[in-house]
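Asker: Now for the letters of each chain:
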Amino acid sequence: MSSATIDAAFGPRQFLRAQNRWRWTEIAFWLATLLPFVLTPDYLVLASQIAITGLFALSLDLILGFSGIISLGHAAYFGMGAYTAGLLSVWGWGEPLTGLLAAGVTAGLFGYLTSFIIARFRHLALIMITLGIGLLLQEAANSASFITGGFDGLQGIHTWPILNRFDFDLYGRTAYSYALVVLFLTFLVARRIIHSPFGLSLRGIRENGQRMPAIGAATRAHIRTIYTIAAVMAGIAGALLAQTTETVSLETLGFQRSADVLVMLILGGTGRLYGGPIGAIVYMVARDQFSGLNPQYWYFWIGLLLIAVVMFMPDGILGGLALALRRLTPRRAKD
Amino acid sequence: MPPVFGMLFDGIAYGMLLFLMSVGLSVTLGMMNFVNLAHCSFAMLGGYVAVTLMNAFGWPFLLTLPIAFLAAAAASVVLERVFFRRFYNAGELEQCLLTIGIVFVSIAGAAYIYGTDQQPVHLPPYLQGSIVFAGLDFAIYRLFLIGIALVITVVLIATVEATRFGAQVRAAVNNQRMARGLGIDVDRLFAITFALGSGLAGLGGALAIAMLGLDPSFALTYLIYVLIVVSVGGLGSVAGSFVAAMLLGVSDEAGKYYIPAFGSVLIYLVMMVVIMWRPAGLFGRR
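Order-wise, the sequence lines are chains A and B.
Okay, so the first sequence: first residue is 241 according to the working numbering, each after it adds one.
Okay, so the second sequence: first residue is 8 according to the working numbering, each after it adds one.
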């Protein structure tokens, strides 16, 4: 009997419950996101862009970090959301919350349709298919310039005040609050998903895609579900960008955006909920600081950084921190 | 010249370039499963080496071609020794990230040294103009391109099919562990194939300037085409790469010619359909 109680103490339910508990570092992180209002009120526009990109990186983390699906075309869903929200506004409906909802639904629908393809492939074929989806959608948007404005981007977006009360100001106060609230709510959803039995089986699929079906996990159905969820989140992030900047360009669908978000996620650390947001903060603050630099040279440093991260810090900033922490406190149990 | 023939001719010449630039990647990917997204950086290096030798040192065009080959091969050996070697057993994600980092660095390096403009190229007079044959006129440079690529294809296929080295390469592509077990030094074999493949990419890059132009974004723009050729043709298959490159070259030209409004949609669609139909590519064995 005693062995059963010991087992129960370390059983799956207890494990998940322990994972689900809020740590003080997490609470500190979310409190710190309020700091820009006080410390750097001139940079709230940048802060709102960081929050949006952080949300986008978080959505990529769900499929790449937690489920092991490498995507070089995740911007397809981001751009889909951005164009949905932008077009709604151009056509005369600039209400932001329903715009977000519509963008999430469209991107999610597209994600659901494509997930049937995604779930069937792995390795190089998967990389090529995600790349192909991204390129195809961008070419399609470029060709359909009578709707999307093509190369010039979508003109004439006007976002109405949120809840008819909070108008978007020049300083980005509303934009940042709006983006932050959406990021936080989406983060809660992602956190709940990851610390659920479903989230655990996703990690199982990442670790060994052949063994999971053997223990009865519906691998392909799981991949389809998480891919759709990630697409919805990416669509919401895209809609946020369209609504707060009131422009949408072809660049939102482009390979460059897919590659950038991948870099941020790797920088922050994959397979950790905070990897995406932290990578986005570091990457975008650095890019803002070096904005005088020619973009060509900016990519020189990004390239070097990528090589360095892959060679010396394979788990990103958060992984490096965790390792340092573990070395400093050798007797603490591994978390 | 009837437009269909012109389009076919241009498409084939374009396909030959794509073949030269991608065959090396196909073989090395098939052998080591190493996803080298920096392959087109070697092509770009070959292009810049040729341009520099011609414009700054006044070398004749033909003489720059072997140097472009050697430069790309040498650079690839260095990169393989320093970086790639450590990542053969890593996941695809790490390989992708490492090599895309190298692509970014190479693009920025090229922009720093040469600026972002298109590089001028001066073909010798005997490669300019066109000849008329059976009522059709052919651009001499494209004929020259097709000729070179065909010679290289024949040499490559003969090497892979009929020599001891080729047999070892085929063995390593088919089953790397078994090949090791039989005493084949796969690492050495891979280093040689890698250098040869990158050299061919460098040669392709040098030949491509007169047809596709050369600026720092070359390494990323044509990477996508090269990846399409490799994944459609099937990993490790020389013949597969050849067929896929021809298909891509001709369908790209046809798309631009007949349905310009759709841009590159056609080739991306063809690629996705082929990969969905046969994930290992047309000629892939796995």
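Think of the hints as simulated: they come from the structure by calculation, not from any bench.
Keep in mind that the hints are not guaranteed to be accurate.
To be verified - To spell it out: a stretch of chain B is covered by chain A in this simulated footprint if at least three of its residues, at any positions, have a beta carbon under 8 Å from a beta carbon of chain A; those stretches are: (1) 13 to 26; (2) 118 to 128; (3) 159 to 166.
To be verified - Sample of chain B residues at the chain A side, in silico, Cβ under 10 Å: (4) 113; (5) 182; (6) 186; (7) 290.
The beta-carbon is built from N, C-alpha and C at its ideal position, and this holds for glycine as well.
Asker: Does each hint hold? Answer for all of them.
Answerer: Structure-based check of each hint:
Given as covered by chain A, the stretch 13 to 26 of chain B fails the check, having 0 residues with a CB less than 8 Å from a CB of that chain where 3 are the minimum. Using a Cβ-Cβ cut-off of 8 Å, 3 residues of the stretch 118 to 128 of chain B lie near chain A, which meets the minimum of three, so the contact claim holds. Counting residues of the stretch 159 to 166 of chain B whose beta carbon lies closer than 8 Å to any beta carbon of chain A gives 0, which falls short of the minimum of three for the stated coverage. Proximity of residue 113 (chain B) to chain A holds as hinted, the smallest CB-CB distance being about 8 Å (cut-off 10 Å).
Interface hint at residue 182 (chain B): violated, since its Cβ lies 17 Å from the closest Cβ of chain A, which is beyond the 10 Å cut-off. A hinted interface residue such as residue 186 (chain B) counts as satisfied when its beta carbon comes closer than 10 Å to some beta carbon of chain A; here the least separation is about 20 Å, so the hint is violated. Among the interface hints, the one on residue 290 (chain B) is violated; its C-beta lies about 14 Å from the nearest C-beta in chain A, farther than the 10 Å criterion.
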